[in-house]
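Number of protein chains: 2
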Amino acid sequence: MKPKAVILLSGGLDSAVALYIAKKKGYDCHCLVFDYGQRHRIEIERAGFIAKRARAKLHVLKISLPWKGSSLTDKRGTIPSGRTIREIKNGGIPSTYVPSRNTIFLSMAGSLAEAIRARAIFIGAHCEDSSGYPDCRKDYLETFRKVINLGTRAGIDNTLTLKFPLIDKSKAGIIRVGKRLGVPFELTWSCYKGGKTPCHRCDSCILRAKGFREAGIKDPLLN
Amino acid sequence: MKPKAVILLSGGLDSAVALYIAKKKGYDCHCLVFDYGQRHRIEIERAGFIAKRARAKLHVLKISLPWKGSSLTDKRGTIPSGRTIREIKNGGIPSTYVPSRNTIFLSMAGSLAEAIRARAIFIGAHCEDSSGYPDCRKDYLETFRKVINLGTRAGIDNTLTLKFPLIDKSKAGIIRVGKRLGVPFELTWSCYKGGKTPCHRCDSCILRAKGFREAGIKDPLLN
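Keeping their order, the protein sequence lines are chains X and D. With the first letter of the first sequence counted as 1, position 163 gets the number 163 in the numbering used here; the numbers rise by one all the way through. With the first letter of the second sequence counted as 1, position 112 gets the number 112 in the numbering used here; the numbers rise by one all the way through.
Hint data in this document are derived by calculation from the structure and do not stem from the laboratory. Just so it is clear, the structure is predicted and the values come from calculations on it, not from any experiment. Treat the hints with caution; some may be incorrect.
The list treats identical chains as one, so a pair stands whether inside a single copy or across any two.
Within a straight-line C-alpha distance of at most 27 Å, the following computed DSSO-like cross-link-like pairs (lysine-lysine) qualify [what the hints assert, rightly or not]:
| id | residue 1 | residue 2 |
| --- | --- | --- |
| 1 | 218 | 62 |
| 2 | 146 | 193 |
| 3 | 25 | 163 |
| 4 | 146 | 163 |
| 5 | 169 | 196 |
| 6 | 4 | 196 |
| 7 | 146 | 169 |
| 8 | 196 | 163 |
| 9 | 196 | 25 |
| 10 | 210 | 89 |
| 11 | 62 | 210 |
| 12 | 210 | 2 |
| 13 | 210 | 146 |
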């Protein structure tokens, strides 16, 4: 029987690549998707398509955080638009940052992993070419790995660990890996806004476009 | 204006003492209570009474974890009963362990803390005289403190930290501190079972009784 893994799947490009890496490594993949009131709810639908394509199981978990604090969930906020790569890189933590999001997601993933006796949790976070979110950095993820090692039964038994295979990669590097693994990029969704087509102006659209350009691959979403 | 703190309140004795410590230290206290399908739902009601008595704010958050794995939430499981203190201490992680519970609670507390700009999060966990839960140990909590320092905007800005003032105390020591601070022990609830009166046989009842006995204080719940 294949060992199980929990994959944090967002419907975006990075987590889809993380899923295909886990699949390639021979895991029985259980995708965990959160419905947390994000504007870009199309992500949830896309995550379902991606999981289905990968023949992975899908768990959708609704979390209601009754407090606000991010332009990604609070419609009164403004999503940064039209920034240059330099502005994105030097702009510090953007308004789209959702307080403790990855910590909440990882803690739930840890709980699911223990319940189904998974051997690994995969997260597609990366710090190169990212938007400056503190909870996507390597030292943060290494510390959270220790939290799992110390704070769960499975971690103590050495039967569960956290994996972040994309952490040191650029967006272009991630796209190249995904291409090699057959990731269905046409199903992924990166835009932060809630529209039917990508806005091409939010940080996420801009970083995606740069990644495909640098990888020398055409983004199938643009066809 | 007083600095704000988020207090993880369970309705039990330890977290009530943590709340009164935070109050004594001059914080504007925001209590966070979780409704996660626990058998002893009376805890949630008691948490409300305790917060009111302490003139603290109360946030109740419902979390639905669609997976099982603990006798505390899964009615098919059996709660250990009638164990001796030695059996409790040497029995390893008990069946009442809820996978990743404190990690989930702390991650939500971190999110609330950032949203309301709190300066501290208080958790009443302790390892002396506890039931062997991995997520109540000092090294676990020290590591989670690092997760907050690294993974949140407020942590990076050095304006938020995690406090666990009871970690090295025995149950008797916690009860003595609570007595001094005027904690309303009669409002607290420790029993894991869902009954109207404490069962006196679950691990939590047994550890509570031992604590009061060793502190030389009478448990007002027993009147």
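The hints, checked one at a time:
When the C-alpha separation of residue 218 and residue 62 is checked against a cutoff of 27 Å, the pair qualifies neither within a copy, at 34 Å, nor between copies, at 44 Å. For the homomeric pair residue 146 and residue 193, neither the shortest alpha-carbon distance inside one copy (34 Å) nor that between copies (32 Å) is at most 27 Å. Proximity of residue 25 to residue 163 under the C-alpha cut-off of 27 Å is restricted to the intra-copy arrangement: shortest distance 12 Å within a copy versus 40 Å between copies. For the identical chains of this complex, residue 146 and residue 163 are neighbours both inside a copy (12 Å) and across copies (19 Å), given an alpha-carbon limit of 27 Å.
In this assembly of identical chains, residue 169 and residue 196 lie within 27 Å of each other by CA distance neither inside one copy nor across copies; the values are 29 Å within and 56 Å between. In this assembly of identical chains, the alpha carbons of residue 4 and residue 196 never lie at most 27 Å apart, being 34 Å within a copy and 41 Å across copies at closest. Within a single copy, residue 146 and residue 169 get their C-alpha atoms as close as 22 Å, and across copies as close as 24 Å, so both meet the 27 Å cut-off. Taking the closest pair of Cα atoms, residue 196 and residue 163 never come within 27 Å of each other, the shortest separation being 33 Å inside a single copy and 45 Å across copies.
Proximity of residue 196 to residue 25 under the C-alpha cut-off of 27 Å is found in neither arrangement, the shortest distances being 34 Å within a copy and 51 Å between copies. In the homo-oligomer, the alpha carbons of residue 210 and residue 89 lie at most 27 Å apart inside one protomer (13 Å), although the nearest pairing across protomers, at 57 Å, exceeds that limit. Neither within a single protomer nor between protomers do residue 62 and residue 210 lie at most 27 Å apart by alpha-carbon distance, with minima of 32 Å and 40 Å respectively. For the homomeric pair residue 210 and residue 2, neither the shortest alpha-carbon distance inside one copy (37 Å) nor that between copies (46 Å) is at most 27 Å.
With identical chains, the CA atoms of residue 210 and residue 146 are never at most 27 Å apart, being 33 Å at best within one copy and 33 Å at best between copies.
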